[in-house]
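Assemble chain B onto chain A, guided by the hints.
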Amino acid sequence: MDTLIEVKHLMKIYNPGENEVRALNDVSLTIMRGEFVAIIGQSGSGKSTFMNMLGCLDVPTSGSYYLNGKDVSGLLDDELSDIRNKEIGFIFQGFNLIPNLTALENVELPLIYRNVPAAKRHELSVASLKKVGLENRMDHKPSEMSGGQQQRVAIARALAAAPPVILADEPTGNLDSASSKEIMQILRDLYNEGRTVILITHDNKIAASAKRVIRIVDGKIVSDTSYGDNESIEAIAKKIEEEGDKEQGYV
Amino acid sequence: MSQFYEYLKMAVSNIKANKVRSFLTMLGIIIGISSVILIISLGNGAKNVVTDEMSGIAAGQIALYTYDDTGTYYITNDDIDAIVEQVDGIKAVNVYNYFDGKLTTRKGEFAVSGSGQMSSFPYFSNSTILKGRYFSENEYKAGMPVCVIGEEDAIRLFGSTDVIGMSLEVVPSWGNSITFDIVGVEKKPDDSMFSYTYENSPVNIYFPLTVFSQIYGWEMDDYYQIYLLAEEDADTTAVTSQVVSLLEKRHQCFGESIYQYESFNDYMSIVNTVIGMVTMLISLVAAISLVVGGIGVMNIMLVSVTERTREIGIRKALGAKTRSIMLQFLSESAIITMIGGLIGILLGIGGAYLVAKIVAMVQPTMKFTPAVDIFTILFTTLFSSAIGLFFGIYPARKAAKLSPIEALRRN
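Heads up: the protein sequence lines correspond to chains A and B, in order.
The working numbering puts the first residue of the first sequence at 1, with every later residue one more than the last.
The working numbering puts the first residue of the second sequence at 1001, with every later residue one more than the last.
Read the hints as simulated data drawn from the structure, not as lab findings.
None of the values given here were measured: they were computed from a predicted structure.
A few of these clues could be false.
[Stated by the list, open to error] Computed cross-link-like contacts, DSS-like style, restricted to lysine-lysine with a CA-CA straight-line distance of at most 25 Å:
no., chain 1, residue 1, chain 2, residue 2
1, B, Lys1188, B, Lys1102
2, A, Lys120, B, Lys1009
3, A, Lys86, B, Lys1401
4, B, Lys1321, A, Lys120
5, B, Lys1131, B, Lys1141
6, A, Lys141, B, Lys1016
7, B, Lys1102, B, Lys1187
8, B, Lys1107, B, Lys1131
9, A, Lys141, B, Lys1009
10, A, Lys120, A, Lys131
[Unchecked claim] Away from chain B, derived, C-beta distances all over 12 Å, residues of chain A:
no., residue
11, Pro16
12, Ala127
13, Ser226
[Stated by the list, open to error] Some chain B residues near chain A, calculated using beta-carbon distances under 7 Å:
no., residue
14, Glu1006
15, Glu1311
16, Ile1314
17, Ala1317
18, Leu1318
19, Lys1321
20, Ile1405
Beta carbons: idealized from backbone N, C-alpha and C, even for Gly.
Bound-form chain B, shown alone:
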């Protein structure tokens, strides 16, 4: 073991003696490792952003829709009540319905995107209440024209968030005008890429779905798509299939695949898989550059063996065995690639944070932090040393096999 330490020392002193060459040899490894680290940490960072965003709005959400061209198998309010009462693991059910329209305040005229919701709306919102409250179950049942608006929209409409109790007279592009009383203001979601508002984006108002009976003039009781929210610890697939079989029983259409669903968790895992695959693919390309770097190390080590033939001869004459010479040269290439690997890791992490900074400058609402995990670092360090060892074997063997007289004779 102490012997091995001596070889390491020899290798280090030799690397130091040829600083420029050693650095140039490392360069290939540095580039390879830093690109692998850069890509993996950016990929992981992107994955985290998507996961955070999606789980903020949609984790555990399932969209259930009827796939039926006869128009008979819609979902009714009674169905929804039955689902809430009878299915275990259901936290809430919601239905959205939208209308476009406009409204005028003293600040001017605004486009409106009205969004009718059930009283379970707070569960499905990606935000929380800032002032006032959400509309109640009673208000929903009674079809009261009350609404919740966003913090930023409140400021656009009135220049302030103290808007509780104010009314909004909204003119839908189709149907009857209606006056909403504002009962709550929602917080602006923190740095979300899905809540980016621009100058002319319509004002979003959220109100009881039952208010549509006043806009349209008839009561809504036929939905083609509803949203389910499973309890946090519930198995979404099991919950959904319970809902489907309940609906099939109520509508007498067993096994006709009329009710279909898509879970946001599924979307999320698809998105994650895609990001993961892209990351892997680019990493693979980067890994090829690592192999090229390894070949560079081998080349330089071969040149070094030729140049140091005499040194090898001296060492052998003084009693170095094949193994000693082999270990000395292997340590040298392993150390070169390991140092290259460490520099590469630092550059890769630095580069990833730089990219994140640039992203933050271009798109301030996107909170993007590169994720560097210890596993990646350990793996790439080991990998770069392994490359050094692998590509060092041939030159080291060549050195170790030299005959001492031959080697001493050469100049």
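So here's chain A without its partners, still in its complex pose:
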């Protein structure tokens, strides 16, 4: 396994000066290709800021970020767009589908921005939608689909361009438990296929699908625990729970 993400001394400071907020405070982290990592933390812990950095949606105040061998910490807007397009597949809490486009057209979007020719684009998008079991819903608009289906479209969109990193930000936050299970199963399947999945969540049960859990508190990494492939989700969930309690001084 080789290194996919390498973050060193990453800082993100809002309002520099008197009332500065250190959303990320000297974060260093390495993620290998093929890992399934969960980044957990309470709201306000800085995990969303970290996700924006990892997703190249924002640039750090200082520190370095190597993604797939490239330093992306000092890039300009359009260069970041390019990196996001090629390296990262986003899955958002609010699905973030474009309402007046069909499922297929939504999945095609990142491929359009990558200049993939129409025929190839169509082929890749259909394959991707098949993978999430939506081949019969390709011409439906988001408003004609359930939340779970919409999130599956978003996953198909993230997969279509076959990016090295799948970045899922609270992917089940807007879903009922049945749909949540479905979505998490898809993410586990992706991991089993060898893809790198980074999951950002506040929910320990959701985080338990991952094989490595990184906890962020007040902009710092406070724990980084790996679990064996043979450990069950329930067992991992229990361990995360215990560790979280310890962290907050309950034990």
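Frame of chain A, contents of chain B only:
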């Protein structure tokens, strides 16, 4: 390039998704473009009517007159002969002289407008002969009382156009009565606004100018105004100045500006310039409404950018660059204004033909067709797209500059 096609597709699908709003946005452009097209094509149509009418009667005609208060520098018959013989590029010279009078047929009493002409009359007439013939050079020289009348007048006088050989006994309001033999009937000019006859309009008769010696009792040899007709390819100005210098030589009055002239071509170009200027002026007002329409497009695009902030955020997160977003929004405003422009062109042309129809109903003798030239259409189409691009830039830039996190955070 294929990328650009994608942006066009996105723009079209978005316009389709907001049909009512897109149409309302277009409305300003539609009104602006259609009024510009309407006014320009009506203006061109009017110009064509005037040109056709004028060239029918008067193209190449020059009125030459003496500007002299001593009464010595009139133009004589010998002068006219000299002009015809010596000046190159002269096709014909004519002199008109009128008298009023009346005549009676079994159809009743009619007012008469008698018009004495030289034998060059056919060149100056805006019509052609229907029956019989014009009077000849010999008849002119001999002062024979023969005449030509119009088709409509023949019917008014006799109920028929078979009037060759009939006589008209005309009583002038001053001078001796005279009996004319009709030798020709002129065709009614097709739909001319200058030949409109009404119920009591006098009967026009055209006869040799020399007949005036019988009416007045003396021979006419002193004219204050003559009409010149230049050859079709001749330079009217050059021909006229030759005529003027010939007259100045014959009357020994060099450089005294006694002989002056006005060419109908000059009148025509003045009339055309005036119509052109009026058209331009009204078009300018219409063009202002086009700019207002463009501002409307800008407003709606700004609202649209605010409404679609989240969409822009998603697109940027998925890899859209500043340029991609910019092009998408610019295509949208350009397409809206272009479609508006096309609808406007169709409405403008339709409106112009409608106006022409109404004119034809009110004034049937006036043959008025709106003239729409391809240049106007091309120009207005380009202009409306340019307006879309220009007024689209600001909203598109605003959209493209949004930061993806900011945009995604907003709902």
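Taking the hints in turn, this is what the structure says about them:
In summary, the hint linking lysine 1188 (chain B) to lysine 1102 (chain B) is supported, as the alpha carbons are separated by about 22 Å, within the 25 Å threshold. Note on lysine 120 (chain A) and lysine 1009 (chain B): the hinted pairing holds, with a Cα-Cα distance of about 17 Å set against a maximum of 25 Å. A threshold of 25 Å between alpha carbons decides the hint, and for lysine 86 (chain A) with lysine 1401 (chain B) the separation of about 21 Å falls inside it, so the pair holds. In summary, the hint linking lysine 1321 (chain B) to lysine 120 (chain A) is supported, as the alpha carbons are separated by about 22 Å, within the 25 Å threshold.
Restraint check: the Cα-Cα separation between lysine 1131 (chain B) and lysine 1141 (chain B) comes to about 23 Å, which is no more than 25 Å; the hinted pair holds. Restraint check: the Cα-Cα separation between lysine 141 (chain A) and lysine 1016 (chain B) comes to about 15 Å, which is no more than 25 Å; the hinted pair holds. Distance hint between lysine 1102 (chain B) and lysine 1187 (chain B) is fulfilled; the C-alpha atoms sit about 23 Å from each other, no more than 25 Å. Between lysine 1107 (chain B) and lysine 1131 (chain B) the CA atoms are separated by roughly 21 Å; this keeps the pair inside 25 Å, and the hint holds.
With a CA separation close to 17 Å, the supplied pair lysine 141 (chain A) and lysine 1009 (chain B) stays within the 25 Å bound. The straight-line distance between the Cα atoms of lysine 120 (chain A) and lysine 131 (chain A) is roughly 17 Å, inside the 25 Å bound, and the hint therefore holds. With a closest Cβ-Cβ approach of about 18 Å to chain B, proline 16 (chain A) is found to remain outside the 12 Å limit, as its non-interface label requires. For alanine 127 (chain A), the non-interface assignment is confirmed: its Cβ lies about 18 Å from the closest Cβ of chain B, beyond the 12 Å cut-off.
Non-interface status of serine 226 (chain A) relative to chain B is upheld: no Cβ of that chain comes within 12 Å, the nearest being about 29 Å off. For glutamate 1006 (chain B), the suggested interface contact is upheld, since its CB lies about 5 Å from the closest CB of chain A, less than 7 Å. A distance limit of 7 Å between C-beta atoms decides the matter here; for glutamate 1311 (chain B) the minimum to chain A is near 5 Å, and the interface restraint holds. For isoleucine 1314 (chain B), the suggested interface contact is upheld, since its CB lies about 5 Å from the closest CB of chain A, less than 7 Å.
Among the interface hints, the one on alanine 1317 (chain B) holds; its C-beta lies about 6 Å from the nearest C-beta in chain A, closer than the 7 Å criterion. Taking 7 Å as the C-beta contact cut-off toward chain A, the hint placing leucine 1318 (chain B) at the interface holds, the least distance being around 4 Å. Given the 7 Å rule on beta carbons, the hint for lysine 1321 (chain B) holds: about 5 Å separates it from the nearest Cβ of chain A. Interface restraint check for isoleucine 1405 (chain B): the shortest CB-CB distance to chain A comes to about 5 Å, inside 7 Å, so the restraint holds.
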